[in-house]
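Protein chains: 4
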Amino acid sequence: MPDQTHLYHDASGKTVVETRFRVRYHETDAMGIVHHAAYITWFEEGRSSLTRAVGCPYSQVAAEGIDFAVVDVAARYLKPAHYDDEVIVVTRLEELRSRSMTFSYEVRLAGGQLLVTGSTRHVSVDRSGRVASIPETIRARLQGGRNV
Amino acid sequence: MPDQTHLYHDASGKTVVETRFRVRYHETDAMGIVHHAAYITWFEEGRSSLTRAVGCPYSQVAAEGIDFAVVDVAARYLKPAHYDDEVIVVTRLEELRSRSMTFSYEVRLAGGQLLVTGSTRHVSVDRSGRVASIPETIRARLQGGRNV
Amino acid sequence: MPDQTHLYHDASGKTVVETRFRVRYHETDAMGIVHHAAYITWFEEGRSSLTRAVGCPYSQVAAEGIDFAVVDVAARYLKPAHYDDEVIVVTRLEELRSRSMTFSYEVRLAGGQLLVTGSTRHVSVDRSGRVASIPETIRARLQGGRNV
Amino acid sequence: MPDQTHLYHDASGKTVVETRFRVRYHETDAMGIVHHAAYITWFEEGRSSLTRAVGCPYSQVAAEGIDFAVVDVAARYLKPAHYDDEVIVVTRLEELRSRSMTFSYEVRLAGGQLLVTGSTRHVSVDRSGRVASIPETIRARLQGGRNV
Chain G
489 MPDQTHLYHD
499 ASGKTVVETR
509 FRVRYHETDA
519 MGIVHHAAYI
529 TWFEEGRSSL
539 TRAVGCPYSQ
549 VAAEGIDFAV
559 VDVAARYLKP
569 AHYDDEVIVV
579 TRLEELRSRS
589 MTFSYEVRLA
599 GGQLLVTGST
609 RHVSVDRSGR
619 VASIPETIRA
629 RLQGGRNV
Chain Y
489 MPDQTHLYHD
499 ASGKTVVETR
509 FRVRYHETDA
519 MGIVHHAAYI
529 TWFEEGRSSL
539 TRAVGCPYSQ
549 VAAEGIDFAV
559 VDVAARYLKP
569 AHYDDEVIVV
579 TRLEELRSRS
589 MTFSYEVRLA
599 GGQLLVTGST
609 RHVSVDRSGR
619 VASIPETIRA
629 RLQGGRNV
Chain W
489 MPDQTHLYHD
499 ASGKTVVETR
509 FRVRYHETDA
519 MGIVHHAAYI
529 TWFEEGRSSL
539 TRAVGCPYSQ
549 VAAEGIDFAV
559 VDVAARYLKP
569 AHYDDEVIVV
579 TRLEELRSRS
589 MTFSYEVRLA
599 GGQLLVTGST
609 RHVSVDRSGR
619 VASIPETIRA
629 RLQGGRNV
Chain B
489 MPDQTHLYHD
499 ASGKTVVETR
509 FRVRYHETDA
519 MGIVHHAAYI
529 TWFEEGRSSL
539 TRAVGCPYSQ
549 VAAEGIDFAV
559 VDVAARYLKP
569 AHYDDEVIVV
579 TRLEELRSRS
589 MTFSYEVRLA
599 GGQLLVTGST
609 RHVSVDRSGR
619 VASIPETIRA
629 RLQGGRNV
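Residue numbers (our numbering), protein chains in the order written: chain G, 489 to 636; chain Y, 489 to 636; chain W, 489 to 636; chain B, 489 to 636.
Derived by calculation from the structure, the hints in this document are not laboratory data. Heads up, a few of these hints could be off.
Any copy will do: because identical chains look the same in the list, a pair fits if it lies in one copy or spans two.
Said to hold, decoys possible - Think about it this way: if two alpha-carbon atoms lie no more than 20 Å apart in a straight line, the pair counts; the simulated EDC-like pairs of lysine to aspartate or glutamate are:
{"#": "1", "residue 1": "Lys567", "residue 2": "Asp614"}
{"#": "2", "residue 1": "Lys502", "residue 2": "Asp573"}
{"#": "3", "residue 1": "Lys502", "residue 2": "Glu533"}
{"#": "4", "residue 1": "Lys567", "residue 2": "Asp498"}
{"#": "5", "residue 1": "Lys567", "residue 2": "Glu582"}
{"#": "6", "residue 1": "Lys567", "residue 2": "Asp555"}
{"#": "7", "residue 1": "Lys502", "residue 2": "Glu552"}
{"#": "8", "residue 1": "Lys567", "residue 2": "Glu624"}
Just so we're clear, the structure is a prediction, and the values are computed from it rather than from any experiment.
Generate coordinates for the entire structure from the input sequences, incorporating the hints supplied.
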């Protein structure tokens, strides 16, 4: 598959992934723009890309017996995206703690214009739903081997 | 909770449920109408109402160790629904076989105008995903005790 | 239609609406719980109920030539909802300014347990997308005639 | 952008586009598989890719003053897709008439396994919602210049 994902570390060493895709028609609403809840699913797709890009796909996280439950979501809407726009979600691992992590997001048009910013916070939970430490193998990959 | 569901049997003895709700904004698209995939989720909500109304809520079906996998969906779109419209989904159990069943649907405006028709076919599967007989207790309730 | 909506004013005079509905199957995800983006659409449904309950349905807002664009969304996830749960969205008009407003939300199980809290901020825009004053007739209704 | 779309004409001269993407988490449901309504949105994404690939993006169709309203949808579900699967939607323009057209779809895993088949039928409507002829420039591009 051609790669739609660009992985790098920013100046402060944080893991960043850019994911590029087109707006789907069903993501629009009667205002003629992308519905505000759709961006929340794009943030999720950005996280998926990041974890996949660093070698921690969901299948591996699940194999470790943990999940990353969403505990907080925030989004600020600056400009709307439209059907067929090519957008880029810039996902950054802002903070990685022993049992939680925070991502930030920027949704941009392919041309660069910033549309939406946001963040999500997650806690690591085991199969019974209890808060659990993030396994060391996963931590190391998320950080790109930089701060372990 | 006030009851939004009306259960009856039609002239041929088939179980029918009418479910009434309003169109949600996120179900619309940039044409200003309800997106065509949203009606497929309304069909599902109609089925949920029917199984609940006859005393077979999902929790009981799951407790019997089976699921009703969707194998066919069809829909015909006559007129569009719009945001804030009050709609009625008329769900009819058209056929109940030993290991499968078929529902038909009519989506109407509260005033009566027919918007969309459709059907879905389902097979009963056990937890390993194999086709399995529909348990007799569930069959009896779905039929309303008429043809057992 | 049986009324699923309960409108009142709280001790501080704020307009509040409680909206009650069941979780739809398509709102769940592979964790077996309601997907976190679905709550954002429930917040929207809560706002729709509130504006409808106070006599400002969307059709009237549109007839005034304005829309309420979403500029901020936040949600905190405490406990998950599941398919078929009956939930209540408590929507409160927290602040009404000349050109913007803020709603807060609580999503509860019908039995009372708090699942999710959140807020949204909106600005009034005209058809060309420019920020515009909220028409006085709409303001008065949103406030329930209390603080006009 | 790396190209995720492959356009060709089959042995009978029909226009075909293959579109490749990954399953998003929010497209799954509590059965742990992709929700059946999500495939309907994938069909739409397949159509979008086809019209874009032949040089008829939505913006051009809109500029001609027409829309392609969905009048029929059908889907058959053979095997489920799961989160993170890479899938291919094969979209084929089966029939192009003066005022309507029919597409067929195959959803496959990247490895080839067939998951879902389907079809949609559309009529060309003008801005007032009346059935209208498909403009010749659009017809020619959809057919790839073969049967004009």
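Evaluated hints:
1. Taking CA atoms no more than 20 Å apart as the test, Lys567 paired with Asp614 passes between copies only; the shortest distance there is 15 Å, against 38 Å inside one copy.
2. Taking identical chains as interchangeable, the C-alpha atoms of Lys502 and Asp573 are never at most 20 Å apart, the minima being 28 Å within one chain and 27 Å between chains.
3. With identical chains, the CA atoms of Lys502 and Glu533 are at most 20 Å apart within one copy only, with a shortest distance of 18 Å there and 34 Å across copies.
4. Taking CA atoms no more than 20 Å apart as the test, Lys567 paired with Asp498 passes in neither setting, with 25 Å inside one copy and 34 Å between copies.
5. In this assembly of identical chains, Lys567 and Glu582 lie within 20 Å of each other by CA distance neither inside one copy nor across copies; the values are 24 Å within and 24 Å between.
6. Taking CA atoms no more than 20 Å apart as the test, Lys567 paired with Asp555 passes between copies only; the shortest distance there is 15 Å, against 33 Å inside one copy.
7. Proximity of Lys502 and Glu552 under a CA criterion of 20 Å is satisfied in neither setting, with 24 Å inside one chain copy and 47 Å between copies.
8. In this assembly of identical chains, Lys567 and Glu624 lie within 20 Å of each other by CA distance neither inside one copy nor across copies; the values are 39 Å within and 27 Å between.
When each numbered hint is compared with the structure, violations occur for hints 2, 4, 5, 7, 8.
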